[in-house]
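Novice: Chains as they are written, first to last, in our numbering: chain A, 1 to 127; chain S, 1 to 435; chain U, 1 to 490.
Among the clues, some could well be false.
Here are the simulated DMTMM-like cross-link-like pairs (lysine to aspartate or glutamate), alpha carbons at most 20 Å apart as the crow flies [unchecked claim]:
| hint | chain 1 | residue 1 | chain 2 | residue 2 |
| --- | --- | --- | --- | --- |
| 1 | S | Lys-152 | U | Glu-185 |
| 2 | U | Lys-122 | S | Glu-54 |
| 3 | U | Lys-122 | U | Asp-292 |
| 4 | U | Lys-163 | U | Asp-207 |
| 5 | S | Lys-301 | U | Glu-461 |
| 6 | U | Lys-479 | S | Asp-297 |
| 7 | A | Lys-32 | U | Glu-473 |
| 8 | S | Lys-301 | U | Asp-472 |
| 9 | A | Lys-32 | A | Glu-57 |
| 10 | S | Lys-296 | U | Glu-473 |
| 11 | S | Lys-60 | U | Glu-461 |
| 12 | U | Lys-322 | U | Asp-292 |
| 13 | U | Lys-391 | A | Glu-41 |
| 14 | A | Lys-4 | A | Glu-111 |
| 15 | U | Lys-87 | U | Asp-71 |
| 16 | U | Lys-204 | U | Glu-185 |
| 17 | U | Lys-65 | S | Asp-83 |
| 18 | U | Lys-163 | S | Asp-16 |
| 19 | S | Lys-386 | S | Asp-428 |
| 20 | U | Lys-163 | S | Glu-54 |
| 21 | U | Lys-94 | S | Asp-83 |
| 22 | S | Lys-301 | U | Glu-473 |
| 23 | U | Lys-94 | S | Asp-297 |
| 24 | A | Lys-4 | A | Glu-120 |
| 25 | S | Lys-63 | U | Glu-185 |
| 26 | S | Lys-364 | U | Asp-34 |
| 27 | U | Lys-460 | S | Asp-299 |
| 28 | U | Lys-479 | A | Glu-120 |
DEER-style ranges, computed between Cβ atoms [stated by the list, open to error]:
| hint | chain 1 | residue 1 | chain 2 | residue 2 | range |
| --- | --- | --- | --- | --- | --- |
| 29 | U | Glu-90 | S | Ala-425 | 27 to 35 Å |
| 30 | S | Lys-152 | A | Ser-63 | 28 to 36 Å |
| 31 | S | Pro-39 | A | Thr-11 | 40 to 48 Å |
| 32 | U | Glu-12 | S | Lys-152 | 41 to 49 Å |
| 33 | U | Glu-309 | S | Lys-152 | 38 to 46 Å |
| 34 | S | Pro-39 | U | Pro-313 | 20 to 28 Å |
| 35 | S | Gln-56 | U | Pro-107 | 16 to 24 Å |
| 36 | A | Ser-63 | S | Glu-52 | 48 to 56 Å |
| 37 | U | Thr-4 | S | Glu-84 | 16 to 24 Å |
| 38 | A | Thr-11 | U | Gly-159 | 35 to 43 Å |
| 39 | S | Glu-151 | U | His-464 | 22 to 30 Å |
| 40 | S | Glu-52 | U | Ser-72 | 22 to 30 Å |
The hints are simulated quantities; they were obtained by calculation from the structure and are not laboratory data. Backbone N, C-alpha and C fix where the C-beta goes; we use that ideal spot for every residue, glycine too.
Below are the chains, spelled out letter by letter.
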Amino acid sequence: MDPKTLRFSKTHEWVHLNGDIATVGVSDFAVKELTDIVHLEFPEVGTSVSAGQPFGEIESVKSVNDLYSPVAGVIEAVNSDLEDNLALMSDDPYGAGWVVRIKVSDASAYESLLDHAAYEQMCQSGH
Amino acid sequence: MPYLFATDEQRRQMLDVIGVSSLEELLAQVPQELQLERPLDLPPAMAEFELEHELQAIAKQNKSRTCFMGGGAYDHFIPAVVDEIAGRGEFYTAYTPYQPEASQGSLQAFFEYQTLICQLTGMDVSNASLYEGGTAVSEAVFMAMRVNGREKKVVLSAGVNPEYRQTVETYLCELGCQVVTAPVANGTTDLGQLEAAIDDQTACVVVQSPNFFGCIEDVSAVSGMAKAAGALSVMSFDPISLGVLKRPGDHGVDIAVAEGQGLGTPLQYGGPYLGILACRQQYVRKMPGRLIAQTKDRDGKTCYVLGLQTREQHIRRDKATSNICTNQGLLALRATIYLSVLGPAGLKEVATHCCQRAHDLAAKLCQIPGVSLMYSAPFFKEFVLKVDNVNAFVAKAHAAGFDVGPDLHADSGILVAVTEKRTQAEIDAFVAAVS
Amino acid sequence: MENTLSTRSLFEMSAPGRRGTQFPLPADGPALSDLLPAEVLAESAPGLPELTEPDVVRHFVNLSKRNMSVDSHFYPLGSCTMKYNPKRHERWAKFSGIGDLHPHIRPQDSQGMLRMLYESQKMLGEIAGLPAVSLQPAAGAQGEFTALLVAAAYFRDKGETRKKVVFPASAHGTNPASAALAGFECVQLDASQNGFVDVEQLAKHVDTDTAVFMITNPNTLGLFEKDIHRISQMLHDVGALVYIDGANMNAVLGITRPGDFGGDMMHYNVHKTFTGPHGAGGPGAGPIAVRDFLADYLPGPIVTKADGEDGNPVYDLATPSKSIGRVRSFFGNVGILLRGYFYLRTLGAHGLRRVSEDAILNANYLKERLRDVLPVPNGERCMHEFVASAKQLKDERGVTAMDIAKRLLDYGFHAPTVYFPLVVAEALMMEPTETESLETLDAFVEAIQAIAKEDPEFLKEAPHTTPVRRPDEVAAARKPVLCWDACLDG
Numbered sequence: 001m002d003p004k005t006l007r008f009s010k011t012h013e014w015v016h017l018n019g020d021i022a023t024v025g026v027s028d029f030a031v032k033e034l035t036d037i038v039h040l041e042f043p044e045v046g047t048s049v050s051a052g053q054p055f056g057e058i059e060s061v062k063s064v065n066d067l068y069s070p071v072a073g074v075i076e077a078v079n080s081d082l083e084d085n086l087a088l089m090s091d092d093p094y095g096a097g098w099v100v101r102i103k104v105s106d107a108s109a110y111e112s113l114l115d116h117a118a119y120e121q122m123c124q125s126g127h
Numbered sequence: 001m002p003y004l005f006a007t008d009e010q011r012r013q014m015l016d017v018i019g020v021s022s023l024e025e026l027l028a029q030v031p032q033e034l035q036l037e038r039p040l041d042l043p044p045a046m047a048e049f050e051l052e053h054e055l056q057a058i059a060k061q062n063k064s065r066t067c068f069m070g071g072g073a074y075d076h077f078i079p080a081v082v083d084e085i086a087g088r089g090e091f092y093t094a095y096t097p098y099q100p101e102a103s104q105g106s107l108q109a110f111f112e113y114q115t116l117i118c119q120l121t122g123m124d125v126s127n128a129s130l131y132e133g134g135t136a137v138s139e140a141v142f143m144a145m146r147v148n149g150r151e152k153k154v155v156l157s158a159g160v161n162p163e164y165r166q167t168v169e170t171y172l173c174e175l176g177c178q179v180v181t182a183p184v185a186n187g188t189t190d191l192g193q194l195e196a197a198i199d200d201q202t203a204c205v206v207v208q209s210p211n212f213f214g215c216i217e218d219v220s221a222v223s224g225m226a227k228a229a230g231a232l233s234v235m236s237f238d239p240i241s242l243g244v245l246k247r248p249g250d251h252g253v254d255i256a257v258a259e260g261q262g263l264g265t266p267l268q269y270g271g272p273y274l275g276i277l278a279c280r281q282q283y284v285r286k287m288p289g290r291l292i293a294q295t296k297d298r299d300g301k302t303c304y305v306l307g308l309q310t311r312e313q314h315i316r317r318d319k320a321t322s323n324i325c326t327n328q329g330l331l332a333l334r335a336t337i338y339l340s341v342l343g344p345a346g347l348k349e350v351a352t353h354c355c356q357r358a359h360d361l362a363a364k365l366c367q368i369p370g371v372s373l374m375y376s377a378p379f380f381k382e383f384v385l386k387v388d389n390v391n392a393f394v395a396k397a398h399a400a401g402f403d404v405g406p407d408l409h410a411d412s413g414i415l416v417a418v419t420e421k422r423t424q425a426e427i428d429a430f431v432a433a434v435s
Numbered sequence: 001m002e003n004t005l006s007t008r009s010l011f012e013m014s015a016p017g018r019r020g021t022q023f024p025l026p027a028d029g030p031a032l033s034d035l036l037p038a039e040v041l042a043e044s045a046p047g048l049p050e051l052t053e054p055d056v057v058r059h060f061v062n063l064s065k066r067n068m069s070v071d072s073h074f075y076p077l078g079s080c081t082m083k084y085n086p087k088r089h090e091r092w093a094k095f096s097g098i099g100d101l102h103p104h105i106r107p108q109d110s111q112g113m114l115r116m117l118y119e120s121q122k123m124l125g126e127i128a129g130l131p132a133v134s135l136q137p138a139a140g141a142q143g144e145f146t147a148l149l150v151a152a153a154y155f156r157d158k159g160e161t162r163k164k165v166v167f168p169a170s171a172h173g174t175n176p177a178s179a180a181l182a183g184f185e186c187v188q189l190d191a192s193q194n195g196f197v198d199v200e201q202l203a204k205h206v207d208t209d210t211a212v213f214m215i216t217n218p219n220t221l222g223l224f225e226k227d228i229h230r231i232s233q234m235l236h237d238v239g240a241l242v243y244i245d246g247a248n249m250n251a252v253l254g255i256t257r258p259g260d261f262g263g264d265m266m267h268y269n270v271h272k273t274f275t276g277p278h279g280a281g282g283p284g285a286g287p288i289a290v291r292d293f294l295a296d297y298l299p300g301p302i303v304t305k306a307d308g309e310d311g312n313p314v315y316d317l318a319t320p321s322k323s324i325g326r327v328r329s330f331f332g333n334v335g336i337l338l339r340g341y342f343y344l345r346t347l348g349a350h351g352l353r354r355v356s357e358d359a360i361l362n363a364n365y366l367k368e369r370l371r372d373v374l375p376v377p378n379g380e381r382c383m384h385e386f387v388a389s390a391k392q393l394k395d396e397r398g399v400t401a402m403d404i405a406k407r408l409l410d411y412g413f414h415a416p417t418v419y420f421p422l423v424v425a426e427a428l429m430m431e432p433t434e435t436e437s438l439e440t441l442d443a444f445v446e447a448i449q450a451i452a453k454e455d456p457e458f459l460k461e462a463p464h465t466t467p468v469r470r471p472d473e474v475a476a477a478r479k480p481v482l483c484w485d486a487c488l489d490g
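The following block holds chain A by itself, in its conformation from the complex (with noise of 0.2 Å):
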């Protein structure tokens, strides 16, 4: 995907919206500065998630993090294939290293979520 087609969060999850599925992924920036991702916590399928809240965690060798969700809906789909292979998040954060997909109840966080543009100057200018 073309992360200029994407929407992020100010705790640097990325969304793609797609009718009422929202794709959710860590953003490349985030990835680069948690250097190596040792463990995702995955939440299960079924669980509701609201906006701006803690749906899974995700672990450096000495640092974790919770994921919060940009919209709220149902947790639909987990990427399986970072169980094994936690480099795609590196390798391909915006394709194969996306982490959740949301059935989405309520979108309208999406609209306050930052563009692209204004995602990569809050990392620049050190946030």
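Knowing the structure of chain A, use the given hints to seat chains S and U on it.
Specialist: Using the frame of chain A, we list chains S and U on its own:
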């Protein structure tokens, strides 16, 4: 002054380098009004030879007798090699292996400990130790709550060591979690009542075998009941008993915990001891405490590091799997040496001795009028004796130089434990003394 | 000189039929199957390695040589107080009547033990300026947890519901972890500019919903919180309690007391301050000391003293009237507590104060001598430890705190604590302790000065002389191998 280095001249020299005229100037960081203006009120300093003399006298004020005591701590034999190796300063004066290159000795020993515990228990993964048996049960309960998200209720058998149960209750007291205790009938858990206590809100079911009364429980039945309700099963075991008894893994339990004192740690009035916790592979990221992982170094050599540290308090802080920071490294090392030097045959021999001698003693005691076994359930190395007058029984044992107990306050019962250290002559003399 | 044959895994060294310690069984003993039902017996003995005693000795002796330790090396690991562990303690702890005492022995038969533990309670209460002591907690983290439960019970008894525990950003991770375990909400202050608690910021979080403020003093930067009295006053004004994390007590023995600067509760780390052996990670002992009005809530048993009929003291065990209950089985980590007792009896009041004075002197000397290479961002002076920063070296030459730490191992020094606390960039936290000589400190300074001049690429490859070099922690975390693999298959 013992253990201090700086001579007066050197102190002067160091103060000069620091750029202060006196120590008082350096201490001015502590506001004057908060400084203690008198010496601490402590006993006077004593030289090594003087204090040793006093401590010898103090030690004599403790009346340690030939030990038939149990209740969670046991007088097992400790091979000399355990003290000899664990007493090496390279092991006991090192700290947490934050620099793996400077700590491969301890790291490998702890990795071997984890493996030995897995082999002993038949479980998939062991941590590198917890404080002791009671907190190990408490940590297992927390772990179960994290695994299945059930935070409102846990079920414990009344056969679990009462001090462990009290510890669990204290640990849970601010979290709004109900602790239900299922009763014991004729020495073992009343399985009907236990099953009735388990529901779809129950995080875990905790059973001990051999239990506090020495009796062997039907752990497989308990783990089955837990599983049927979606709860985890936790078994507290006696590591020495696993020389002959079925292992926690054979019983299908999810988490196995133990007091590991019997594996080469002296009694020393209750601690430090060794908390053992092992579990199934799928729960590894919910485990409390330190874990050692095997990896390769940059030259491809096999080596060891602290593993899965993101579970721990120094990274995850308030969301950590436990607040534990230290482990019981020195005691885990002792257990590692102990199990290495005993091997499978040695552990089986120790367990067999315990079991044979306990049964021999029980049979002989039961021939005394007014003395009988409280329960008929199978036991391993410890049993509850029913006597007419507990105090009189204990007094006779003491007078002949034997310790026994603890007594069970409620119903004129007293615990008797027999280890491999008790000789036939001691057993016979004990029987004669209380007859 | 390394014997890698003997540092193979125990499981690789095993050979079927080899025996170590044996426990021959009587020929005429009953079969187990006559004593126990078949369904409780294992089908085979556990799959432990089969080794001789010489195998075991050589294995562990060679492993021990792969450790750095206080007995063998300078070990300035900040926050850990790696001081000398007196050998006499090891002998005394094993005395017959001490090391072999069963925990269920009755008080009348353990008067000597109870006397030592009673005197420990008194001495720890005096050093803290907080008179009521429980020796039960097994380690500092459990001491924190225990004290927070005591606080919760105290507030409940007063009919108050307070949910918040507040602590600074530089707090040990155990503080929030213990608070969460005790059912409190954690409020972390933002890092301050000057290394001290930001009193104005703290004030915003202190209200009648605040139960406890947890603070390490001296703090994790090695600075004595100069406003501690004012801070304590602020907490007391709203009815909250002040908890002192005693990790850094080695700085203030006999100089000032937590109870005198406003603390209501504290824990000791006996294995740090009072020389319990660190054992590559434990055991510790974490006794707590609290104010009189909290004494009734302490876990039991504690040791009491009364006058006997013959005029001699009689010691007994008692559980406080409103006790929170036990936090572990048995009395406590007595073996470690006694080493602390022996230490205090050896040093006395004067010696104990000298310990802290020399610890402060050594730290300030080291700090001053390293100033040019590794400056300390916070504080002109320090207490018993300081946090230096390699930021300058990193900016100028690309050399990180970790590179320096790893290279120090080649020079025969254990590394300082690195990257803690997080509030200092490229942190190197150094605590020399009082049991190190000026000669050792000078040699350490020279090593760091030499390292600072070395080729950065060479430093990235360090250490060069250790048995292993820069283990792959990423691989270890991604696919954790926690058990010898041949055993996993079997």
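Novice: What hints, given by number in increasing order, does this structure fail?
Specialist: 11, 13, 18, 20, 23, 25, 28, 31, 33 and 39
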